[in-house]
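Colleague: Those sequence lines, one after another, are chains S and G. Here this note's numbering is used: the first residue of the first sequence is 23, the next is one more, and so on. Here this note's numbering is used: the first residue of the second sequence is 23, the next is one more, and so on.
Be aware that one or more of the hints could be misleading.
[Said to hold, decoys possible] Chain G stretches covered by chain S per the calculated footprint, using a threshold of three residues with CB under 8 Å from any CB of chain S:
#1 170-177
#2 201-212
[Said to hold, decoys possible] Below, simulated SDA-like cross-link-like pairs (lysine to any residue); rule was C-alpha separation at most 20 Å, straight line:
#3 G:Lys197 - S:Asp182
#4 S:Lys197 - G:Arg114
#5 G:Lys197 - S:Lys107
If you're looking for bench data, these hints aren't it; they were derived computationally from the structure. From the three backbone atoms N, C-alpha and C, an ideal C-beta is built for every residue, glycine too.
Take a look at the letters that make up each chain.
Protein chains: 2
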Amino acid sequence: MERHFDEELKNLKEKLLHMADTAQEMIGLSVKALTERDKKVTEQVFTLENKVNHAEIEIEEEVLRLLAIRQPAASDLRLLTAILKINNDLERVADQAVNIAEIAVDLLKEPQFKPLIDIPNMAKLVQNMVKGSIDAFVNHNPAMATGVCEHDDEIDLINDQIFRVLLTYMMENPKSITPAVDLILISRNLERIADHATNISEEVIFIEEGKNIKHHIQEEQQH
Amino acid sequence: MERHFDEELKNLKEKLLHMADTAQEMIGLSVKALTERDKKVTEQVFTLENKVNHAEIEIEEEVLRLLAIRQPAASDLRLLTAILKINNDLERVADQAVNIAEIAVDLLKEPQFKPLIDIPNMAKLVQNMVKGSIDAFVNHNPAMATGVCEHDDEIDLINDQIFRVLLTYMMENPKSITPAVDLILISRNLERIADHATNISEEVIFIEEGKNIKHHIQEEQQH
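With the hints as extra help, turn the sequences into a complete structure.
Modeller: Laid out in structure tokens, this is it:
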């Protein structure tokens, strides 16, 4: 039975990994729709969203089933709770990609007013953060998780820079205000994805090192 | 022992209710700082954030402890998982209030460029949604939870209206762009709070009616 439970946990982790891959793909596609100015690409994002939503429900049901029939002890219990949380964060990552795709649909109705440089770079960075956070989870690697958390400051700087550059466009030309605000919102969506990757990483550090660093880090950053 | 477990669940619900009160208070204070142009009020938000963060950890630990020692059957298991999720949503509501307070600190450095009408109204609405979602949970009231979900569309309309009004200010006066974008972001933060209240309400409907409406509702709204 122990071995069987290990098998079930491994299975769950693989599902989570697969869901993370899909969420990452959605981030890439939502920004690709923007850079290639191709509305059809946004439809792929909406299709993948359904996949992620189903995966979320499936993983949740499986965790509950395991909690009920295996009645796991402390450390496995902690692991299953972590899977529930990570599952939730990944679904929210996918939601943010959907938000970006929805804004892209609007943006593509008008001609492009500026070349996109920082947003595709920021998207790649946050994709890597999501990937890093899940890899850290699957491979029990708190050092990798710490690395992900450290990128969060970089994301904040890029976000700030995107805002400043767009501000100059808006000041020069009031017609650029609507699309510029759209890009600011996309940049915020990407920042949120980085936050979710950071949440996942903090969860990994918590499981692996048995301490809750979450709010300590937040307090240090904010005040 | 059964009765003791009921007592423990009741205790947990009360803690959640208390955390929800604090999160609501934070929303009110973050917007009050804006309308009364009083930076000191933002400090109250940051102080309450610590309280919410501690409550989140405490509730999480208590749920894990109960899962471990009580090894609850299906319906209680579902309830404990719901508490974990609601706990997470409430902490994120508090985070959004902190975001608003942080933007308020920036906004208060400059003179007010327009009277605030829609944002305080929107804040009251989302406070009521948070309250409604938790009341629905504590009182096993799926009809009340459905009511909360229905307000989500109204919030989207207000969010859109805020954007349009601010756009006219930005077009008339480029100096208003930075504070106007700040107000747009605050409006988005309030919209996110409404999303969390909707998540909580969907969780309540799921527990009470035993079906997962979450993604059905999303699909209907989005496509």
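Colleague: Run every hint past the structure and note whether it holds.
Modeller: The hints, checked one at a time:
1. Requiring three or more residues with a Cβ within less than 8 Å of a Cβ of chain S, the coverage given for the stretch 170-177 of chain G is violated, as only 0 such residues are present.
2. With 4 residues carrying a beta carbon less than 8 Å from a beta carbon of chain S, the stretch 201-212 of chain G meets the three-residue requirement, and the given coverage holds.
3. Taken as a hint, the Lys197 (chain G) and Asp182 (chain S) pair is honoured in the structure, with Cα atoms around 18 Å apart against an allowance of 20 Å.
4. With a C-alpha separation of about 35 Å, the suggested pairing of Lys197 (chain S) with Arg114 (chain G) is violated against the 20 Å cut-off.
5. Our distance criterion of 20 Å between C-alpha atoms is broken by Lys197 (chain G) and Lys107 (chain S), whose separation comes to about 43 Å.
The structure fails to meet hints 1, 4, 5 from the earlier list, while all remaining hints are met.
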